[in-house]
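For the record, the sequence lines run as chains A and B. Residue numbering for the first sequence follows numbering that gives the first Met the number 0, beginning at 0 and increasing consecutively. Residue numbering for the second sequence follows numbering that gives the first Met the number 0, beginning at 0 and increasing consecutively.
It is possible that some hints are incorrect.
Taking lysine-lysine pairs in the DSS-like style, the calculated list, with each CA pair at most 27 Å apart, reads [claimed, not checked]:
1) A/Lys130 / B/Lys71
2) A/Lys275 / A/Lys190
3) B/Lys71 / A/Lys275
Sample of chain A residues lacking proximity to chain B, with all beta carbon distances greater than 12 Å (derived) [to be verified]:
4) Asp11
5) Trp55
6) Asn67
7) Val70
8) Lys130
9) Ser137
10) Met172
11) Thr237
12) Glu247
13) Tyr270
Source of the hints: derived by calculation from the structure; they are not laboratory data. Quantities reported herein were computed from a predicted structural model and do not represent experimental measurements. We treat Cβ as the ideally placed atom computed from N, Cα and C, and that holds for glycine.
Spelled out from the first residue to the last, the chains are:
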Amino acid sequence: MLYRSASDRLLDTVNIVLLVWIAGMMFFPFLYIFSVSFSSMRDYLEHDFLLWPKTWVTDAYQYILGNNRFVRSVFVSLFIAAAGTLLNLLFTTTMAYGLSRPFFGQRTMIFMVLFTFLFSPGIIPTYLIVKETGLIDSLWSLIIPVLISPWNMIVMRQFFRNIPEELTEAATMDGANPITVFTRVILPLSKPALATFGLFYAVAHWNSYFSGLLYINNPSNWPIQVLLRQIVIVNDNTALLEQQGFVEAPPAETIQMAAILLATVPILVVYPFLQKHFAKGVMLGSVKG
Amino acid sequence: MLKSAISPAVQPNRWIRIRKKVWKSRYMYLFVLPGLLYFLIYKYLPLLGSIIAFKDYSVFRGFQNSPWVGLKHFERIFDNPEVVQVLVNTLVLSFLQIAFAFPAPILLALMLNEVRLEWVKRIIQSVVYLPHFLSWVVVVGVVTIFLRGEGLVNNLLGLWFGIESIPFLQMPGLFKPLLVLEVIWKETGWSTIIFLAALAGVNPELYEAAVADGAGRLRRIWHITLPAIRSTVVILLILRLGSVLDNGFEQVFLMLNPYVMDVGNVLDTYVYYKGIEQSDFSFATAVGLFKSVVGLILVIAANHLAKRFGEDGIY
Chain A
0 MLYRSASDRL
10 LDTVNIVLLV
20 WIAGMMFFPF
30 LYIFSVSFSS
40 MRDYLEHDFL
50 LWPKTWVTDA
60 YQYILGNNRF
70 VRSVFVSLFI
80 AAAGTLLNLL
90 FTTTMAYGLS
100 RPFFGQRTMI
110 FMVLFTFLFS
120 PGIIPTYLIV
130 KETGLIDSLW
140 SLIIPVLISP
150 WNMIVMRQFF
160 RNIPEELTEA
170 ATMDGANPIT
180 VFTRVILPLS
190 KPALATFGLF
200 YAVAHWNSYF
210 SGLLYINNPS
220 NWPIQVLLRQ
230 IVIVNDNTAL
240 LEQQGFVEAP
250 PAETIQMAAI
260 LLATVPILVV
270 YPFLQKHFAK
280 GVMLGSVKG
Chain B
0 MLKSAISPAV
10 QPNRWIRIRK
20 KVWKSRYMYL
30 FVLPGLLYFL
40 IYKYLPLLGS
50 IIAFKDYSVF
60 RGFQNSPWVG
70 LKHFERIFDN
80 PEVVQVLVNT
90 LVLSFLQIAF
100 AFPAPILLAL
110 MLNEVRLEWV
120 KRIIQSVVYL
130 PHFLSWVVVV
140 GVVTIFLRGE
150 GLVNNLLGLW
160 FGIESIPFLQ
170 MPGLFKPLLV
180 LEVIWKETGW
190 STIIFLAALA
200 GVNPELYEAA
210 VADGAGRLRR
220 IWHITLPAIR
230 STVVILLILR
240 LGSVLDNGFE
250 QVFLMLNPYV
260 MDVGNVLDTY
270 VYYKGIEQSD
280 FSFATAVGLF
290 KSVVGLILVI
300 AANHLAKRFG
310 EDGIY
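Chain B on its own, in the form it takes in the complex (with noise of 0.2 Å):
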């Protein structure tokens, strides 16, 4: 009541106040425009543009003129035995990554931290970051040419053990190991500067002092280095459980073939088929807004539990 009664007198001076804020910096505003303009349509208007979730759009009448349908796709999502097992799919993924591919770098790290030659720690450092830069296009290129009917590794199966061509690609027992070997070959390295990094902050006193006290090099690793980077691991692995609906959308896509459709169509690559190629884009965007709301509560929650361990969190 009070604040209504007074804010007629006040608010023309804290617009005059405001009017004056804005042209003092106006060219900040001149700065940030065009970058704000590209956030504003092409990542705030597609989410405004999720309310086609809610509607049954179609492409002749436009986002505004679809009849709107309440929950009907979000019903859909939930009494569809596709869904369920494309969920599946998507976490059993996940956490053969985290089991795996998440490990793999801490233990190359420590590896890489024991070298004592600068140069030997340099060369092999140069060669396990490439792959990381190359395309998926090209990592499962190389992969299919290896290991198709007439690849090397088949010729090869061949040659010593007489072994008839096996489908790798197309065996769906394979398609997961697969895709998380990939990942450990392409990123493994690159994902190690991260932990070099906190490892290279530890104070070379600890290690002297410790082999003053006769600790040998296992037990060094195990009390010195270890808890150097321990923290690090902890909130990488909290906030990798925080996007377990996340797969590696271009990797997945590539390896898919329609053998191993059944195991290995993940959330993303089913909206891609539902919503790009079977132009059911209102199932498809339900679909993605249901992975979004997920994805965003995990993070959250990643977030929060990072803090509860004492580390800083993401934001």
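In isolation and in its complexed conformation, chain A is listed as follows (with noise of 0.2 Å):
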């Protein structure tokens, strides 16, 4: 151990306080969010600010999972999370793998993915051939032109490398072909890769808002960040109107709140796993070869 004088421990205190300040504000917006949410109307508007619920109220998540432009949004986005990640991992994982051992006219493949860093051609041409391939207002839009990152497959690539070719000699001893060798021996061998990936792309079918816009003209196929961007940003209330059985709405503010919440959960449940795998996945990438 060090020796810790007293500027150094002063150093560490105000290194702490100010640490566990940014902390807080990175906290602080969702502590205010998720009080107004579960707040009255009263409580909301005779406390300016409110940082905890005084009397717990679910009215405005009870609107809001009552409403089903709302409801089925969520559904939309899970599917294309769950559909979409599978596509992901199965193109990516395929392609990666593929690249990973050489042949003839490998390098220009590879070549191939990583120009696709330095030029972009840019959303009007991607817009024009996705409605040339017939997906507009088709889910589909919102899966297939992301296949593959080529990041990902770039990252999976260098892991694949990683794993010692005698593996894979040893299965073709045995009489296996190359398929059976990827799917018994690689993937199970990379099951923290393909969580690891699995989590970054399910986050990005998640969040993932512009191309819903781009591509679905139905609002009954929006994924939930279009219509949050709908309900909240542009504050249009109109799309969340058909709502049954509710005399006098929520305030629109909490219907709102109860909203960004409701489309955060999902990121907050898987985040602990994402957590643990990231770093790893982050720091693959860095890797150079």
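Each of the two chains sits in its own frame; use the hints to bring them together as a complex.
Written as structure tokens, this is what we have:
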């Protein structure tokens, strides 16, 4: 243990206080929104600063969870996240594995992938291709145009390259063809990588709004983030109109805050799992090869 | 001459060799094929589609039958004062991000690195990483709720100082600072990861030697900790300079409203409004292409610069 002088201790204290304050700044908005979303209209109007609900009221949540549009959007996003992530992993791992072993033309293909980092065609030609391939207004438009993240694929490839060749050779000796080797040897060894990138992909799907805005014209097929933008940022209450069983709707503010929290809950649920993996996943990317 | 003279004899041989090689790795091609198709259709076909920047594209005529117009749309870029304004907005916003949002994670990483209690460090890290995983809709939504006319900030200002409600989100002067603050809030924690990793690689003996030499805490930070992340900082900064034309489309788009359009419209959002909303596809594609070409040149130049500084570069 290093010797700690008085100035050292002062420095430590100031440092910790500042860090706790920063963490508080990150956390505070959610505490406030959480509190208001569970507060009654009267408490909200009477107290300008609610850091904890005075009386717990779930009106806003009942209202929004009883709303067909909102619930449908949640399911759209859940479907995109589930189906999309599955396909993401399938396409990413197969391509990454294919590119992890040398073969004729492999270098060209890797260059093709890397080139997409440097030069992007821009949103208009991409939009037109999505349109030409008939995906407009279909939920597939939110999955197929983002099947592979080039970055994740390159990192995954690096991961596969680090798996010792002997394992593959041993399995091949036992009569396994490359597809069996992939499914029986490589994939089981890659569970941590699959979990990491699966979670990254799932979060990206859940959070994406721009492709929804661009490709989905029918509001009842909007992913949750697009609807959330409409409710909170555009402040369009008609987005949530049709509602049965409520004589008087809860205040728009509490509804908006409840909507924000509900759209964040899935992230908060996967975050602990994510956190276990992501530092490793991010670092894998910085390894050159 | 010589080459063409011998090639007829060599070529069949060569083809057979290639065919043999291809057949030997047939499974690898099978693995790569689906992904390759994806890249061809959704990454490279749009590149090919960019030729509409040189045409008067109409949806009814399609890619092939629209008439060629040469550089007409590119000329439109340069004699359009609107584009100049948009370009200025783009650059100013990027430089504000580099000046304020770029150093923030370095500072935070240095602070976290000084925390000795492992569990305290871990808790703080968990909290500061979290905002990265929230969507921009949620982040901008929270900002909207706090800053709008009847929002928390205005309520408190009214309560404490008797100030009338201020329309923060419609004030052109606040647009760019707000964007920078949002980026700092959302990404600072996450960006510390790479600096913390660089710091984790520092040999502890260096610190012990410095203590033995009588170096205080700040001297150790200055002479050991900072040099340890110097190369990471340099390369990230240079690469960031290479993408000054990218402002983070999603965030800017969410923050835009008619009041702040003059100061807030950047290249990406301009392309969106021109192309998707006004269906001026060819012009929007030309602007996008211009942006991509300049971006490519900047990234290549930045990479060269990184190598000049004795760093690895990205490729």
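Hints, one by one, checked against the model:
Our distance criterion of 27 Å between C-alpha atoms is met by A/Lys130 and B/Lys71, whose separation comes to about 25 Å. At roughly 13 Å between alpha-carbon atoms, A/Lys275 and A/Lys190 fall within 27 Å of each other, so this suggested pair holds. A hinted pair counts as satisfied when its Cα atoms are at most 27 Å apart, and B/Lys71 with A/Lys275 does not qualify at roughly 53 Å. Distance check for A/Asp11 against chain B: the nearest CB is about 7 Å away, which does not clear 12 Å, and the non-interface claim fails.
A/Trp55, annotated as away from the interface, keeps every beta carbon of chain B farther than 12 Å; the closest lies near 20 Å. Under the 12 Å C-beta cut-off, the non-interface status given to A/Asn67 relative to chain B holds; the minimum distance is some 20 Å. With a least beta-carbon separation of about 18 Å from chain B, A/Val70 lies farther than 12 Å from that chain, consistent with its non-interface assignment. Against chain B, the non-interface label of A/Lys130 is violated: not every CB pair exceeds 12 Å, the least being about 9 Å.
Every CB of chain B lies more than 12 Å from the CB of A/Ser137, the least distance being 15 Å, so the non-interface label holds. Once the 12 Å rule is applied to beta carbons, A/Met172 is consistent with being away from chain B; the minimum gap is 16 Å. Once the 12 Å rule is applied to beta carbons, A/Thr237 is consistent with being away from chain B; the minimum gap is 18 Å. Distance check for A/Glu247 against chain B: the nearest CB is about 19 Å away, which clears 12 Å, and the non-interface claim stands.
Against chain B, the non-interface label of A/Tyr270 is violated: not every CB pair exceeds 12 Å, the least being about 6 Å.
The earlier numbered hints that this structure contradicts are 3, 4, 8, 13.
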